[in-house]
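K.L.:
Please model the entire structure based on the sequences and the hints provided.
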Amino acid sequence: VLGALADYVGAELSGSICADLQIKDLATLDAAEISDLSLFSSNKYRDAATRSRAGAIITTRKLGVLLPGSMRLLYVANPHLAFTNISYLFYPSGALQPGIHTTAVVDPGATIGRGCQIDAGAKVGRAVTLGSNCHIGANVVIDCGVSIGDECIIGPNTSIRNALMGSHVHIASNACIGGEGFGFVTGPKGVARVRQLGRVIIGDNVEIGSNSSVDRGALGDTVIGSGTVIDNLVQIAHNVQIGRNCVLAGQVGIAGSAKIGDNVYIGGRSAICDHVTIGSNVRVAGGSGVMRDAVDSEILGGYPAVPIRQWHRQTTGLARLFGRCGQQAP
Amino acid sequence: VLGALADYVGAELSGSICADLQIKDLATLDAAEISDLSLFSSNKYRDAATRSRAGAIITTRKLGVLLPGSMRLLYVANPHLAFTNISYLFYPSGALQPGIHTTAVVDPGATIGRGCQIDAGAKVGRAVTLGSNCHIGANVVIDCGVSIGDECIIGPNTSIRNALMGSHVHIASNACIGGEGFGFVTGPKGVARVRQLGRVIIGDNVEIGSNSSVDRGALGDTVIGSGTVIDNLVQIAHNVQIGRNCVLAGQVGIAGSAKIGDNVYIGGRSAICDHVTIGSNVRVAGGSGVMRDAVDSEILGGYPAVPIRQWHRQTTGLARLFGRCGQQAP
Amino acid sequence: VLGALADYVGAELSGSICADLQIKDLATLDAAEISDLSLFSSNKYRDAATRSRAGAIITTRKLGVLLPGSMRLLYVANPHLAFTNISYLFYPSGALQPGIHTTAVVDPGATIGRGCQIDAGAKVGRAVTLGSNCHIGANVVIDCGVSIGDECIIGPNTSIRNALMGSHVHIASNACIGGEGFGFVTGPKGVARVRQLGRVIIGDNVEIGSNSSVDRGALGDTVIGSGTVIDNLVQIAHNVQIGRNCVLAGQVGIAGSAKIGDNVYIGGRSAICDHVTIGSNVRVAGGSGVMRDAVDSEILGGYPAVPIRQWHRQTTGLARLFGRCGQQAP
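One line per chain: the protein sequences are X, S and U, in this order. Read in our numbering, the first sequence has 115 at position 66, and its numbers run on one by one without any break. Read in our numbering, the second sequence has 368 at position 319, and its numbers run on one by one without any break. Read in our numbering, the third sequence has 82 at position 33, and its numbers run on one by one without any break.
Hints are computed from structural coordinates only; laboratory data are not their basis. Do not rely on the hints blindly, as some may be mistaken.
[Unchecked claim] Heads up, simulated BS3-like pairs for lysine-lysine below, C-alpha to C-alpha not over 25 Å straight-line:
#1 X:Lys111 / X:Lys93
#2 X:Lys93 / U:Lys308
#3 S:Lys308 / U:Lys93
#4 S:Lys93 / X:Lys308
#5 S:Lys111 / S:Lys93
#6 U:Lys93 / U:Lys111
For clarity, every value in this text was computed on a predicted model and none was experimentally measured.
P.N.:
What follows is the structure, given as structure tokens:
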């Protein structure tokens, strides 16, 4: 069957490989046995790859030359992508079990598309619209007026209100979409809450991780463009606008009214200040705090964030000035 | 009706405006039409204000002179506050629908004030006290002994235990109030949990955001003073004491036994170390890590946090030392 | 009864104390009355201890000499541990009320050990295994196939899937265990999700705080060793491996495939980069960002993290260079 897998992803076989080999599962380099297919995609794992007993290993021609000639390799241009595509052959997504659990509470004024699965304890409010083939997890709460497209998955214990979302959106567990934005104004009687009236608009193919919060807009809307993926414990404040195909890693925070272009990658634990504008194709290193606008394709790092090469100069320069061998010992 | 709105917030009308103009809604400068009222409160949005087709715009006299003389302006001292007050005229808070949903589980030993709305799947334990006109969201879990004042709102999927709170408290969705503090002591048999016996005491008019955690005290209590507002994904550890009218932005973390005065503003993503004491009227810039005590009215920034002017000198100085034009190229 | 308490923890009594004194409760130094036992464990609280009206105070001989000779002291080597042990005498853990609430939804294919308490609205899926004497909180969602050992406590509104855990594991409220890892690969058709197939393996005596997320592994597993304790709002990404008896404070983030040894302490708000390896007995100061491997027993601080003494030299050196008295004023 190996030959069929190779064809499926357009791979070439190394000389030492037999296209008849039976591949039964996928495994890491360390754990793989003769019937497993594995992945070697970074120099860092060269030792593990050399020792691996995998039946075959997907890699690139360039990485392949690092391994003994006797190893059974599938050469492709993008091993991660090929491996991912094969993983869906081995582990197709679980089939939905359409129907509404008897303990779910679905308002009669909600519109539920065909093929939807609504799990135990879920609440679906008045005037909610669900497209077809959605999976609403246990104890999810969807407030009145929310609109959800086709083939969306909402994880258990997630809360959604004031939101419109496209199709193929996945929201993980314990997330909160559409809560009140954090807007206050100081008046003579103390702090007054600014009335939040906007929505959260989510495009197609968006992912939002567990324990993440996306607040509704104050007057305008909070917008997350199609194809954008967001990790766990991320905070998206009111009126943030995020473009298409962005990647926001874990614990990122985007403050109110910040504007982010397309194809922006933001490393874990980074923060973007309120009202800041970030162009397209920007990269932000993990842990950064971006306090100023960034033009297209800038690469930033540090707190406060500066161009990444400058940040590297600063951190290595600091280490030189005050490092172990310096005369600045305490 | 514009004249009535102006009277309501004590605004003066610019010369070009007609008090008879019908205002039907609120909108951003970009989206507003002739029947909408909009807000111009910062120089940053001058272009949008100039282009706006809003029927009228609330602003200050000072900002107003930046706009063409033909624009229809309402002058007030604090445009945000005026706009907020008007927003409550247009969008009054939703009326409660008093009653207990049939799928909610309310212990017979709980005391529920009049006018409360308890949504589907909520659990209210033994000896819980709810004041009048509270709204308990779907799937909220309130453990035995919790006391909640009047007109409180608890968002869906939030968990509350070991807590006493005043009136007009709003807790958003998926928050956790009163969990066990993170206290461990190392003994001969490894790590032992320190028994947590305290409570969370929350004053009046407090707001707590979604996915935030407030732990109970170990022996004494964790305290959040009246009028304090807390954003999403904030961590308040055991025995923290926060004064009145503080503002804690998103992803802030306050470590165990830290003490914070009144009117303290803590920017997003900042952290306060354990056992640190922060005076009143202190300001902490976003992203800071405060590792030492701060006296009243200090303004801090950086990690570790220093007086903000020193932090600015440090960051600009670093950029000068190792910046683009320097001779320290990598 | 004081004599009995002293015997229980092996304490010596100071001269001024009477072994017959009745101790009825535990309290902080400030709040304690004559019938209370209190704790004095750090020089920082010397004033409070001197003023305390506690019936008796647990402390060390070394701290005891700081107090007036008339105070009633119990001398032990580790006051925190002694106080913790006594606290369990005064406040034994609440007894379980075995049984499944009528509104819980337990799949007939689940195996429930004896003595378990399953609260209102909890969902327990097919092929779930619960050991004996577990407490599953209200509205918890446990997906099919999860295995949980004996005497585990799962807090309200927590979601668990793709996980195997040992005994005496405590998971707080609103946590998410076993969600999909954040793995994407860029292909010609945009961002494709990497199929996540691994599990979360949790040892014995593990604690995980509220609003924390632990993702399942992609191919291999995410592993948390026995005795490790994790605070609130912590992110553990896919394929992270954490050893035994580690302590991760609030808002820590561990990125994908990072490997952490035994007895590692990570201060609040610190982050460990993906694919980084941290040895055993490492200490990481709060707020750090660790971007490189660390050998056993290293002590790191800063962003990017460096050896802690170097970090202190850097921060004090920076303050000297650009501090108040310098000539670099803005």
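K.L.:
Hints first: check each against the structure and report whether it holds.
P.N.:
Hint check results:
1. With a CA separation close to 14 Å, the supplied pair Lys111 (chain X) and Lys93 (chain X) stays within the 25 Å bound.
2. Only pairs whose Cα atoms come within 25 Å are accepted, and Lys93 (chain X) paired with Lys308 (chain U) is accepted, the gap being roughly 14 Å.
3. For the given pair, Lys308 (chain S) sits about 14 Å from Lys93 (chain U) by alpha-carbon distance, which is consistent with the 25 Å threshold.
4. For the proposed pair Lys93 (chain S) and Lys308 (chain X), the alpha carbon gap of about 14 Å is at most 25 Å, so the pair holds.
5. Proposed proximity of Lys111 (chain S) and Lys93 (chain S) is supported: the alpha carbons are some 14 Å apart, at most 25 Å.
6. Proposed proximity of Lys93 (chain U) and Lys111 (chain U) is supported: the alpha carbons are some 14 Å apart, at most 25 Å.
Violated hints for the displayed structure: none, as all numbered hints are satisfied.
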